[in-house]
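Protein chains in written order, with our numbering: chain A, 1 to 473; chain B, 474 to 1451.
What the hints contain is simulated information worked out from the structure, not anything from laboratory work.
Virtual Cβ for every residue (Gly too), placed ideally from N, Cα, C.
Check before you lean on any hint, since a few could be wrong.
[As the list claims (entries may be wrong)] Covered by chain B, according to a simulated footprint, are these stretches of chain A (three or more residues, beta-carbon under 8 Å): (1) 262-271; (2) 352-359.
[What the hints assert, rightly or not] Simulated coverage check for chain A against chain B, where a stretch passes if three residues somewhere in it have a Cβ under 8 Å from a Cβ of chain B: (3) 279-289; (4) 420-432; (5) 441-451.
[Unchecked claim] In silico negatives: residues of chain A with every beta carbon more than 10 Å from chain B: (6) Gly161; (7) Ala387; (8) Asp389.
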Amino acid sequence: MHSPFQHPTRRHFFGKSALGLGTVALSNLMARDRIGGLPGVPHFAPKAKRVIYLFQSGGPSQMELFDYKPGLVKYANQDLPESVRNGQRLTGMSASQANFPIVASRFGFQQHGQSGAWIGDLLPHTAKIADDIAIVRSVHTEAINHDPAVTFLLTGAQIAGRPSLGSWLSYGLGAETEELPAFVVMISPGGGVGGQPLYDRLWGSGFLPSKFQGVKFRSVGDPVLYLSDPNGMTRASRRGYLDTLNQLNEEHLKDFGDPEIATRIAQYEMAFRMQASVPELTDLSKEPDATFKLYGEDARKPGSFAANALLARRLVERGVRSIQLFHRDWDHHGGLQKGLPKRCLEVDQASAALVTDLKQRGLLDETLVVWGGEFGRTVYCQGRLTADDYGRDHHPRCFSIWMAGGGIKGGTVWGETDDYGYNIVKDPVHIHDLQATILHSLGIDHTRLTYKSQGRNFRLTDVHGSVVKGLFA
Amino acid sequence: MKFLLVFAPLLAAAADLSFNRDIRPILADQCFQCHGPDPNNRKAGLRLDIEKDAKFALRNGHLGLVPGDPAGSGVFQRVTHASKGLRMPPAYAGREALPVKDIAKLKLWIEQGAKYEPHWAFIPPVAKPGGSIDGFVRAKLEQEGLEPAAAASKNELLRRVSFDLTGLPPSVAELEAFLKDNSPAAYSKQVDRLLASPRYAERMAWRWLEAARFADTNGYQSDGVRDMYRWRDWVIDAFASNKPFDKFTVEQLAGDLLPNATLEQKMATAFHRNHRTNAEGGIVAEEFRTEYVADRAETTATVFLGLTMGCARCHDHKYDPITQRDFYSMFAYFNNLPEKGLVYNWGNDEPLMKAPTPAQAKQLAALDAKLALAQKAIDLAQPRWAREQAQWKPAGDWMPTEGLAYSNKLADSTFDGNRVVQEKGGTVVYDYLSPFTFSAWVKPAEKTGAILSIAEDYSEGNGHGLYLVDGKVRLYVVFRWTDIGMRVETEEPFKLGEWQHIVATYDGSRYAKGVRIYVDGREQRLKVLFDELNWPMNFKHPLKIGAGHGMNFRGGIEDVRVYTKALSLEEVIALNDRSTLSISSRPEKLRLAFLDSLKPAELAAEVAARKERDDYLATLPTLMVMREGPKHQAYVLKRGAYDAPGDPVDPATPSALAPPPPGTPANRLGLAQWLVSKQNPLLARVTVNRFWQMIFGIGLVKTVDDFGSQGEAPIQQELLDWLAVDFVDHGWDVKRLIKQIVMSDTYRQSSRLTPALLARDPDNRLLARAPRYRLAPEMIRDNALAVSGLLVEKTGGPSVKPYQPAGLWQELAGGGGYPQDHGDALYRRSLYTFWKRTIAPPSMVNFDSPSRESCTVRESRTNTPLQALNLMNDVTFLEAARKLAERMIREGGSTVDARLGFAFRLVLSRNPSPKELTLLRAAYARDAERYRSAPADADKLLEQGEAPMPRKFPRPELAAWTEVASILLNLDETITRQ
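Okay, chain A solo, but in the shape it has when bound (with noise of 0.2 Å):
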């Protein structure tokens, strides 16, 4: 078959991006394995060349698993002191509440590591990471309720139609890869059922062109939407078929010129390499053994985080940029001291896993890891306190994520709230300043990267963030 497009160039497959022929190939120069991506871009030496977001959907605790706070013992089922609250804002769940009882960590916690950071105990695995994860004790965000909040640390806004962290990274940095897309989305549901519901708008691009946005892999069905060839259909006939449209297709493209004929012959030819490439990917059973004492006999199972995880290294090694992992279900309004405890199990081993997984194989360097949920929770008790049970409401003013690898300074604890937990009184990190630090371990200065949409050149961080250069090593 000596057809020009039985082997696309990288030139046809983004053959009609926004930024013409020419740059593309320009940007092939510079970075000779980049497939897409914006000439001078990165714009300067990246630390991370991918990014994997472990995100825990709900809002984690930071009172039980990483903000240590021995001194509440004392204050409990005391109000909280107004002077602490200070007029922030509640949610409607608990503004009307009668009081606010404070709650200490029915958890213990302990140091951990050379650095001696504090760990909750229902992290054990995370613990033995201490000294590879740098804990950041003072994100802060402006949104209290879930909708707004996910959105606002996905995609730089609180309202939806802004383009998502990975469709970012897919338009300025491009792919690495030509066999799966750049940017995957992973979900697993806390407990097998739910929680908190997810968007597709959290893995969309926004104003910008959608082959940007996030492909969800899924555990059931099709790994991919559409992957699987219909019963009755083998590989080879697949492939007779392929060659008879890419001929019918090239017979147009002679009649009518259109470099955009050219582009969907390439489209369907990599279609067809990620028909082999996806299940090659997902099918884990060829992992040793040694893989899931690490990741935890959990890793075996479709579809749960631990799994997911395992994925995101398969992925991770094979060059895909940005991973996204949503595990739900970390809602804990009530049943906390039940909850909790389960989705812990459920994400520890194989998040511990994955960076120390990551190290062995030496990508840790270049692959940032970022854990955490879009709030933390109230230190005063939401709905009913009782012997063995409590809950937590929505807290925007602090919360506790950790992020790996990707030129972050491991062992580092970043910021500090006050003693009940409440207020930030170190190094406050706000989300845009987190999406920054993200950007900025990427090589990407984050008030360069800008899509002009509705007469405005919009950009991940808004007019907003700065770097917490403190974090890098």
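Let chain A serve as the given structure and place chain B on it in line with the hints.
What follows is chain B alone, placed relative to chain A:
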């Protein structure tokens, strides 16, 4: 040498340097951010968007612009400054130096006197006399030294115009008729046929739905369902009846405010209720109510003005003369709606209206008439009943029993603060939409106590309860104490130490206004404590007397009754009278008891007629619509924050544009009238530009959503203005405008590309050829349904749920998942597909549909491998291939070539070339051989979709044709309008 090359063409064009075309974009893009309309951001006091300010001496004595003297002009000095620290735009802000060609333009412009022009789009359009589409396009081509392309073939043209006007391909018969028709009016006749087709209205409606952010769900968090399809029907009707675009505009913005507004005019206003709404528990309601109003303001600006007013929500616009005050003045028009910030998650929320179809309205009227007749019969019977009642001997006990779910006389009526009478859990279960009545006799010893509850026994618990709190009677219906529930109390206190009869009724309407409380048969004035009952509940709490919500009871309780209906006043009075029936019983009770014994047919007939009518009314669709409530003062919100009000503002049109004439009402109707008036230079331009985009794939102003200074200046302003004026002069006639465009030679050119033309004008802005672009997502699916014969054409109606990969809803949102439809609903046009905003239909999104989360008027097209997978493997397209294969066998003739030719005419509206025939013949032979040798594979391949499969075709042959048909559906040409 290089320098000369760059400058040569520019100097040649120096004579016609235009401020709006050449200079404003540079200033807007590079300077206005700090030297533009926003005073808070203005640096050095220099303002460059207003001529006199730019030429005025600055505080430091410098002059921004000195006409004729670049070297003396601060602007030129700074853009060319050698020092990085002083050069503009500033390096410290991450900005690059201006390109050499822009500096040269600025220099020339200053040399020529630095003359300003008002922004083009703010000057009313003027039509050049004797204009025409082809005239303007040809003149431009001539200027550029280009020739128009040859005319498209008749086959190409009919397929093109069919998709453009109806979103569907021509049938083989339509194609043949057109090919045979050699009359000069042949094409014009086809255009008229297409414009008259109901398909035209459906095609036009799609784009409007995107602009109006129409969807079937609320769009936040759990993304509950709403039902706005009757508005979609309205849009389809409007395009079908060719409603003039000015009326179309006024009715959607303010139909409810028109004098003697019709049902349809009120329905039209659902346009501005299509925005997303939030039902997430715990939100601050005002934060989101503000968001809804802001969405209406921004959408109005985008759709009807082509302006990006959203930029002025937090601060004055940095580029355009739109102040923050302007934004909130627009906001104020849409602020008086009696709506909630935290909305209902299970259907339409207030304000809403019944929106019956004409047939439904007729049926309802018939049922109303039937009910009126039944009522009349009762009126006629009344004297007779009165006479008979006079003869009747009242005796025995009588109490209302209809709907009685529980009763307990309580032989021992003493409650000491500890005693609780508790029934088994589940004795009575009430949801939030269940009407009920609680009734009891009480003799309270204390001001606070629990009479009756089906609730948690905890002060902030959930459930239903009738209580005494601090001297007043209270009714609770609580899902979650803090934010979801309803609580009301009586204004007057009850009496301590006396027996009183307390009754509370709730009609199941979800609102506190549906609650009545009676003390001793007298209705009490109520104070609403909390009115947010919007979530289903099915608590199985036990019914308790003397306990609930953390309270107990001291005193006496007797004769507790619970009904599953809201008793009427008459019934409550009857309940209040506990005496044995006698002449001296309360008249209401006597009457009810008498009628209960008589059981007159008239009464039964009335009850039946009322039930029939009410049941029918409940099935009628509703629409969320606009309604003016009490004035809700609007404020300039500092930083756009809902809780930071600044100065109060009243409704007003943007200050940079000519105001409405005096006497125009300062409400939505006034705004709508101004939008369609000559005072507004934008509406007609923005509208014709969007239609131009719809047909040519790209607007004359490419930024269809931004006619401001950051938007693109029109590629051919004369053409745009001529079209706009002509459109208005001909009564905003949309069909006429569309016909005018598709009748032009420009439209009828071939879309073939030459390498030279591709290099010269890759985006085809000059139109030296017809555009060629991929079909819109809905057309790709509709086309497959149409050519396979699966398409079910039925205009309007509720949304349908065609195929979708399993599990998509569950994995993001849990719950029961996507309830796919069956039968005809699988094959309706995509316009009717159920649109869940947070998880939009995947194949639409794959092909670049906007998510419908906010107003979108820009068209976007990408070309991705996911699209290839979608077309090859989605059951929608595989089933279509199977049905297309059947058609090829059944209707295409007996030979392979004949069938291929038939399929080509069906799918591509043309005959195959010999080369194409050769390729497909080979493909068919290859596939037929394979399926004959692997018949099980053929069976499997054919198991696609729910459409029936005729038994008579040999499976291997059908499978082979299915594969060929799938190839045809995947051709670039098939999914392209060319």
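Of the numbered hints stated previously, which ones are contradicted by the structure, given in increasing order?
-> 2, 3, 4, 6
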